[in-house]
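Order-wise, the sequence lines are chains A and B. If you read the first sequence in numbering that gives the first Met the number 0, its first letter stands for residue 0, the second for the next number, and so on. If you read the second sequence in numbering that gives the first Met the number 0, its first letter stands for residue 0, the second for the next number, and so on.
Simulated from the structure, these hints should not be mistaken for lab results. Be a bit skeptical, because a hint or two may be false.
Unchecked claim - Pulled from the structure, derived: some chain B residues nowhere near chain A, Cβ distances all over 10 Å:
id, residue
1, Ile2
2, Asp25
3, Ala36
4, Val94
5, Met110
6, Ala119
7, Pro129
8, Ile149
9, Ala155
Claimed, not checked - Straight-line distance between alpha carbons at most 16 Å, and here's what the computed EDC-like set of lysine to aspartate or glutamate pairs gives:
id, chain 1, residue 1, chain 2, residue 2
10, A, Lys315, B, Asp77
11, A, Lys112, B, Asp77
12, A, Lys145, A, Glu74
13, A, Lys145, A, Asp2
14, A, Lys315, A, Glu171
15, A, Lys268, A, Glu287
16, A, Lys112, B, Asp70
17, A, Lys119, A, Asp149
18, A, Lys315, B, Asp73
19, A, Lys112, B, Asp73
20, A, Lys315, A, Glu287
By construction, the Cβ of each residue, glycine as well, lies at the ideal position given by its N, Cα and C atoms.
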Amino acid sequence: MIDEATSRRYVESFLARRDRSLTDLTDQIADSFGAALLTVAAGSVQQGFGNDESDVDLLVFVDAPVTNIPISSHELGLPVDINYLPVDWTGSVDSMLASPAYDGALATFSDWKDSMRRFKRLARLACGLPLEGTEHWQAWLAELRKPVTDYSVFWWSRESLRLRTAARLIRETNPRLAAQRYCDAGLSALEVVAAQAGEIYFGAKWIQPKLARSAAARYQDTYQFLLSAPTRAEEARAYNGAVEDLLAELLNPLPDDPVVQLTLMPDVKRLEVRGRTLLHRWGAQGVESRTPGFGVPGADGTVWRGPASSLDEDAKLLGRQGLVWLSVADGGQA
Amino acid sequence: MSIQAVDDARRWMGFHSIGTVHLLIDIQADIEDFVGAVRDGRSGVAAHAVRSLVLRCLGVRSLGAGGGVPDFDDPLTDPFHGLPDEVVEEGFGLVARCARVTGQEDLDEVMADVLAYARAFERELGFDEPPPSIRRPEGLYPALRLAREILPLNEASGYPLALPSDWLPQKNDKTAAAGKEQR
Numbered sequence: 000m001i002d003e004a005t006s007r008r009y010v011e012s013f014l015a016r017r018d019r020s021l022t023d024l025t026d027q028i029a030d031s032f033g034a035a036l037l038t039v040a041a042g043s044v045q046q047g048f049g050n051d052e053s054d055v056d057l058l059v060f061v062d063a064p065v066t067n068i069p070i071s072s073h074e075l076g077l078p079v080d081i082n083y084l085p086v087d088w089t090g091s092v093d094s095m096l097a098s099p100a101y102d103g104a105l106a107t108f109s110d111w112k113d114s115m116r117r118f119k120r121l122a123r124l125a126c127g128l129p130l131e132g133t134e135h136w137q138a139w140l141a142e143l144r145k146p147v148t149d150y151s152v153f154w155w156s157r158e159s160l161r162l163r164t165a166a167r168l169i170r171e172t173n174p175r176l177a178a179q180r181y182c183d184a185g186l187s188a189l190e191v192v193a194a195q196a197g198e199i200y201f202g203a204k205w206i207q208p209k210l211a212r213s214a215a216a217r218y219q220d221t222y223q224f225l226l227s228a229p230t231r232a233e234e235a236r237a238y239n240g241a242v243e244d245l246l247a248e249l250l251n252p253l254p255d256d257p258v259v260q261l262t263l264m265p266d267v268k269r270l271e272v273r274g275r276t277l278l279h280r281w282g283a284q285g286v287e288s289r290t291p292g293f294g295v296p297g298a299d300g301t302v303w304r305g306p307a308s309s310l311d312e313d314a315k316l317l318g319r320q321g322l323v324w325l326s327v328a329d330g331g332q333a
Numbered sequence: 000m001s002i003q004a005v006d007d008a009r010r011w012m013g014f015h016s017i018g019t020v021h022l023l024i025d026i027q028a029d030i031e032d033f034v035g036a037v038r039d040g041r042s043g044v045a046a047h048a049v050r051s052l053v054l055r056c057l058g059v060r061s062l063g064a065g066g067g068v069p070d071f072d073d074p075l076t077d078p079f080h081g082l083p084d085e086v087v088e089e090g091f092g093l094v095a096r097c098a099r100v101t102g103q104e105d106l107d108e109v110m111a112d113v114l115a116y117a118r119a120f121e122r123e124l125g126f127d128e129p130p131p132s133i134r135r136p137e138g139l140y141p142a143l144r145l146a147r148e149i150l151p152l153n154e155a156s157g158y159p160l161a162l163p164s165d166w167l168p169q170k171n172d173k174t175a176a177a178g179k180e181q182r
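Chain B on its own, in the form it takes in the complex (with noise of 0.2 Å):
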């Protein structure tokens, strides 16, 4: 077969759009922030952006599969409903292994798997190749027109946009009234 079931079309689209944006705007960020610690040797910043990687991963893919959708500030939502428990002990795995390294050999080895990590995530948005960075000039507006791109998915899974309010295009009273800014 080269065509397989959606069950839930608004989550498709919620998990594709609001994980994307999360991708471009924050596990990025989380990305660039664990390289630059582990060239720095800072393990203890290294582990925090590994921590916050993996919440946000995991948050996403839980909206994908049955959870609610991703608010990081909200501590009682489960950000991992609906995900398999190995896949939850994978992710906070790498951040106790990263937490507990001991020199730069371990922290090295710790990069490659979670660099990995965050590439299987990426594919699983539909990135063959790593997506543009927004915090690199070359890759702002190319970023930028990505996130234009998946708009019209975010509008239409009736979830709340994703995207920071400024960069959004110019709203018409139907954008507007399409969805609120949650971020």
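The following block holds chain A by itself, in its conformation from the complex (with noise of 0.2 Å):
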């Protein structure tokens, strides 16, 4: 976890390279939303990540609606992406630190899309470098990280948790793509061994430079060694069975067996002739059933649910099919 004078450091020194201040920087922000209430530095470039090609990401909160498309201006001589966000989007990371349950609120693709924005920019935010502000503003930012760095541990063990049981569901008929579900899965836990050194910065390919600089320095071997997952049958057998190894390390406890809930895809379409059912999507590929009902979500959205263990052929096909989205109900043991 770097402070905010090393933050305010690696800003301050990118600008120089290009005979920019912060000042420069924060000139960029334009008052049609009105004024400014906290005004954050949020990108790569701030936790001394960037590259000479890297721009500047400012997250500008105002009271007023406003665009949800960045705006980019390349006036410095260099890109800078403007995000202005209503001051109203604080209540909602409010209530989002307050309970955060996975079940029945995530079970969607959308619903897990929109979470996964929300955390990305939120964690952004909680590590970012305040520029400018009213007291008020400050304040809160300053009381945000504690709360967001237990939400990253939470997030990012529940999403292991969700890669790892893919990853189990296609073990044994496809092991070369398990790999890779394995390899995902495990990334996913060191951004929890990251958050727990304090490290919680949203973004995937910044793994490794979190880890080398934090307690957590140790894993960066077993980031090599997942990186360097297999494709052959065989040997993605045991880098699979590895994985789960390092997994229940450090993820204990871990439920073994968690319920999980499959949702449909969106887009999704069901039609029926002569009683047969054809589920699918684009029209491309699908799934024909003659059960009765097939494809109707139950009262709780879900086509599916229950202990992972328990997932049958029939639920196993409608995701190989692209047909269903697979989330963890909660995190206990089934």
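Put the two chains together into one complex, using the hints given.
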């Protein structure tokens, strides 16, 4: 975890190489949405990861409805991306941190995607560099780090569990693909380790430098091992077993048999003809069934829910055909 | 012969249109991340960028070879479906090599092979020269023009629109009905 002075030095030296200053940077903020209540540098440059071609990312809170698209500027001779955020967004942050439940709310692909985007912005904000702001909003930001660190550990643990569950479902039939999923689960577990060491900046590609500069530096070899996932079946099986052991070590206690749920992917359509049901997505891959009511979600919105170990071949086929999204219903043992 | 059979025109359209969007938005970013990381001597970051690049190139190739529309968030679908083993092995061999490098010399050596790998993918999509980069001021508008060129192909394929919604021209009802944004 870097302190504010170090972060400030990273940004200032990045700007100085282009004969620019922090004032030049904050002067890029337009007042079209009213006065900025809080301005935070929140990208790779501020973390010390950026290179000469990186852009500078600013998060700017205003008391007005805003565009959801980053405003890009090259006026300073370097790319600056300004994300304006309505100050009422902070209300959703407070409620998310207060009840980080995974059950139900994150059942669908769209839920997961929204959650990931919110978490990404939140994690970058919490370890960002405040540049300007009112006393109230600077104090709000200063209080964010601890709960967001806890939330990061929670979010990445669940992500690792979800990916390990997927890997287990396919490891017998497709060990090569399972190896890639185990790799993803292992990388998520390293994010947990990094977050526990205070490194919460969200950015998959920065995991190794985050580990290197933290108390978790010993896991750099693990990172190298994870990225060397083999493609031949026998080697992949050995790799998959090794990652299982690694996850048990890093994420203990991780539920061995979590409750999972399957929900239909967006754009999945259901057609019936003479007692046969076709479930398909974009008129491409699908499945056929003669079971009445096949593919109709239950009252909870899922098409399957239960312990991961009891997922049957039909459920696995739905997954292989890209028709369902797998989520972990809760963190407990089934 | 100067022509060749296309057995599944829809898949051909999907490969070229969805593949071009992945190239412009994600694969080029991976290449730039990789080159920047090599220049800074960050082998771990470089290896991560190569993995992302390889997964995306294979996923798009799979779409052309009988697989589904690549969805890199979905852990249950197979982004290598329909691809020969040696094609998959070539890609992940590069990732493993990059992950194991011990010095700048090794890294520079891997870089040549990674860039050749990426260039081969660009050629498969019909780019004799590297396409413009949306992350550079001079490349943004050429890239947007390119995106507009492939939009009719994407719509005709029946596959989901791969372009981000803010890249699309103002939709009329007919266009909106053709497909929903997937990314």
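**Study point:** Structure versus earlier hints, numbers of those that do not hold, lowest first
**Key:** The structure conflicts with hints 3, 4, 11 and 12, although it agrees with all the remaining ones.
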